[in-house]
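Note that the protein sequences, when read in sequence, are chains P and Y.
Start counting the first sequence at 1; every next residue gets the next number (the numbering used here).
Start counting the second sequence at 292; every next residue gets the next number (the numbering used here).
One or more of the hints may lead you astray.
Now the stretches of chain Y that chain P is said to cover, found in silico as 3 or more residues with beta-carbon under 8 Å [stated by the list, open to error]:
hint, region
1, 346-355
2, 358-370
3, 501-512
Treat the hints as calculated values from the structure; they're not laboratory data.
No residue lacks a Cβ here, since even glycine has one placed at the ideal position from N, Cα and C.
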Amino acid sequence: MAVSYDSAGVRGITVADAWRSFRTAIGLGWAIESNWSDPFLFAVYTAAKPLAGALILVVMFSVIVPPGGNTDVLQFMIVGTALWNVVFGVMGGLVQSILEDRERYRMMKYVVVTPSSLFPFLLGRSLARVLISFVAVALTLIVGVVFIGVDLEPDLLMLVPATILGVVAVIALGVFMAGWCLQLRQEAWSYPEAIAGALYLVSGAIFAIDHLPDFVQPVSWALPTTWWIEASRRGLLGHGADGVIGQLSNGEVMLWLVGTTAIVVPLALIAFRWFMYRAREAGLLDMTTGS
Amino acid sequence: MTAFRGAQASTPQEAADWSTGRIVRTNLRAIFGRAYPRIIGLTREPSWIFFEILLPFLAVSAFVYVYRSLGAPEEFIGFVVLGGAVTAFWLNVVWMMAAQFYWEKDQGNLELYFTAPMHLMSILAGMAIGGLVMTSSRALAVIVIGSLLYGVTFDVREPLTLALVFLLTMIPLYGLGMLFASLFLLWGREAFHLAQLLQEPIYFLGGVNFPIKAIGPVAGLVMATLPLGVGLDAMRQLAFVSGKTDGFLPVGIEMLILAVMGVVFLVAARLALGYLETLARKEGRLTLRWQ
Numbered sequence: 001m002a003v004s005y006d007s008a009g010v011r012g013i014t015v016a017d018a019w020r021s022f023r024t025a026i027g028l029g030w031a032i033e034s035n036w037s038d039p040f041l042f043a044v045y046t047a048a049k050p051l052a053g054a055l056i057l058v059v060m061f062s063v064i065v066p067p068g069g070n071t072d073v074l075q076f077m078i079v080g081t082a083l084w085n086v087v088f089g090v091m092g093g094l095v096q097s098i099l100e101d102r103e104r105y106r107m108m109k110y111v112v113v114t115p116s117s118l119f120p121f122l123l124g125r126s127l128a129r130v131l132i133s134f135v136a137v138a139l140t141l142i143v144g145v146v147f148i149g150v151d152l153e154p155d156l157l158m159l160v161p162a163t164i165l166g167v168v169a170v171i172a173l174g175v176f177m178a179g180w181c182l183q184l185r186q187e188a189w190s191y192p193e194a195i196a197g198a199l200y201l202v203s204g205a206i207f208a209i210d211h212l213p214d215f216v217q218p219v220s221w222a223l224p225t226t227w228w229i230e231a232s233r234r235g236l237l238g239h240g241a242d243g244v245i246g247q248l249s250n251g252e253v254m255l256w257l258v259g260t261t262a263i264v265v266p267l268a269l270i271a272f273r274w275f276m277y278r279a280r281e282a283g284l285l286d287m288t289t290g291s
Numbered sequence: 292m293t294a295f296r297g298a299q300a301s302t303p304q305e306a307a308d309w310s311t312g313r314i315v316r317t318n319l320r321a322i323f324g325r326a327y328p329r330i331i332g333l334t335r336e337p338s339w340i341f342f343e344i345l346l347p348f349l350a351v352s353a354f355v356y357v358y359r360s361l362g363a364p365e366e367f368i369g370f371v372v373l374g375g376a377v378t379a380f381w382l383n384v385v386w387m388m389a390a391q392f393y394w395e396k397d398q399g400n401l402e403l404y405f406t407a408p409m410h411l412m413s414i415l416a417g418m419a420i421g422g423l424v425m426t427s428s429r430a431l432a433v434i435v436i437g438s439l440l441y442g443v444t445f446d447v448r449e450p451l452t453l454a455l456v457f458l459l460t461m462i463p464l465y466g467l468g469m470l471f472a473s474l475f476l477l478w479g480r481e482a483f484h485l486a487q488l489l490q491e492p493i494y495f496l497g498g499v500n501f502p503i504k505a506i507g508p509v510a511g512l513v514m515a516t517l518p519l520g521v522g523l524d525a526m527r528q529l530a531f532v533s534g535k536t537d538g539f540l541p542v543g544i545e546m547l548i549l550a551v552m553g554v555v556f557l558v559a560a561r562l563a564l565g566y567l568e569t570l571a572r573k574e575g576r577l578t579l580r581w582q
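If we strip away everything but chain P, and leave its shape as in the complex, we get (with noise of 0.2 Å):
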């Protein structure tokens, strides 16, 4: 039987209702990110990762480059592993919010039933997790600057732009990387992790694209993080990374920053929309795998 649909008459899918459907949802995740926790462990957590994975190049750095060397490589690579940690949170966060919410607390069938959509609750969820990862971009650069004597000279007109389209072009990728594990099997947990273990690699958050095979290097002209990172790391240091990318101006990096946004973002939206339409169709939203 043929059923009508019509969302405008559906009472609850309004802006108000996602508004608050998203309010709840970051109420939800930050009480299952922290308030779980032992407050001890949750700090130590969010600061040892990051930190660990930043010391891990300073002393890299520090075992080839002899002492009073030129640290200009060193602030690019604290820099570059700063900001990564927001890539890990928002596809991490995004991902595991919703397979935990549909293999572990297996309710994800219930807010798909509502009149609100998943979408709001899926951001808001996942919402916790882009938080701390913020403060382990912070916390490694505070430890870069008063440790390792990273030297900011910020500019906000390039700072601030460039994060917030990074960060909308990133939680753009994590959406896509969200609807997409709906469709995998037990392997679904690890794809968040090699999808931004491979971005880490082409998008030249740790060494300057240059030194990628050059087949790989159109990969990396072509993806948003690569223009974010560069973009973030001349409103920080004053400066971005050696080699060609280095030689653009800061406009011409914006405009590839706001050009590959521009292509990403709705191209996720609508791959969302999909997954979610055929997760439905295929009876993937209460599906376990037992992973």
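Assemble the complex: chain P is given as a structure, and chain Y must be docked to it using the hints.
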């Protein structure tokens, strides 16, 4: 089920009075039964192979390019590749040993383990053997692909000693995983955070991407507690020309440390498991999900 069918017992006490042979056989079956899904999973879930090779390999590649961008000597590329291979074992220990009992509780298997007529150490041993076999293929792939792609040259003059060091490293490594399996279960919801905490900080302390002596006096602490760091340092000394000069302690002493660690961690795992079993019977809350 016919294997254990014997003469009909007249009392429960008589039924419970197993011969030593039957106890040993049952525990060996438990070890094999728990190792089986991990070993057979090699062929049943090819996508796992992709991710378990890809994840360490992406990290290895990123650090290889960092060293190249710093103009590091070629043996450092080899250090990173070997470190990446050993990382595969550590990830297996953290996610598929330490956190495993917690996942098993969520899936409802843990109570079956407690009620089954075998020792829980057999389950842990099965997980360790299965994980070791499964991860060895991944580690080997990382070494082969990394060596071919990045032109790593190994100089193995004592292959038997190297094999012995590898074995001596794996025993305390998986013993530590067995110990953590009980502790993670006791710490409940923190399991995910703890598993995260045991990655980058341990990669830093274990000298996965650089010679361990580069972290200074802290390396002494690592030598006393972390089999990953000790084993990796010894393996590098035996696998690379410059390994000896970059080593923290002579290989013989490191082998002795690993042997002691193996005994200590296995005994500690046994004690922790005993405590866990007592707690399971006394409080009955270890079978509660999401706690």
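We went through each hint and held it up to the structure:
1. Look at the region 346-355 of chain Y against chain P: 6 of its residues bring a Cβ nearer than 8 Å to a Cβ of that chain, three or more, so the hint holds.
2. Chain P is given as covering the region 358-370 of chain Y, and this holds because 7 residues of the stretch bring a CB closer than 8 Å to a CB of that chain, at least three being needed.
3. Residue count for the region 501-512 of chain Y with a Cβ under 8 Å from a Cβ of chain P: 4. That meets the three needed, and the coverage hint holds.
Comparing the model with each numbered hint stated earlier shows that all of them hold.
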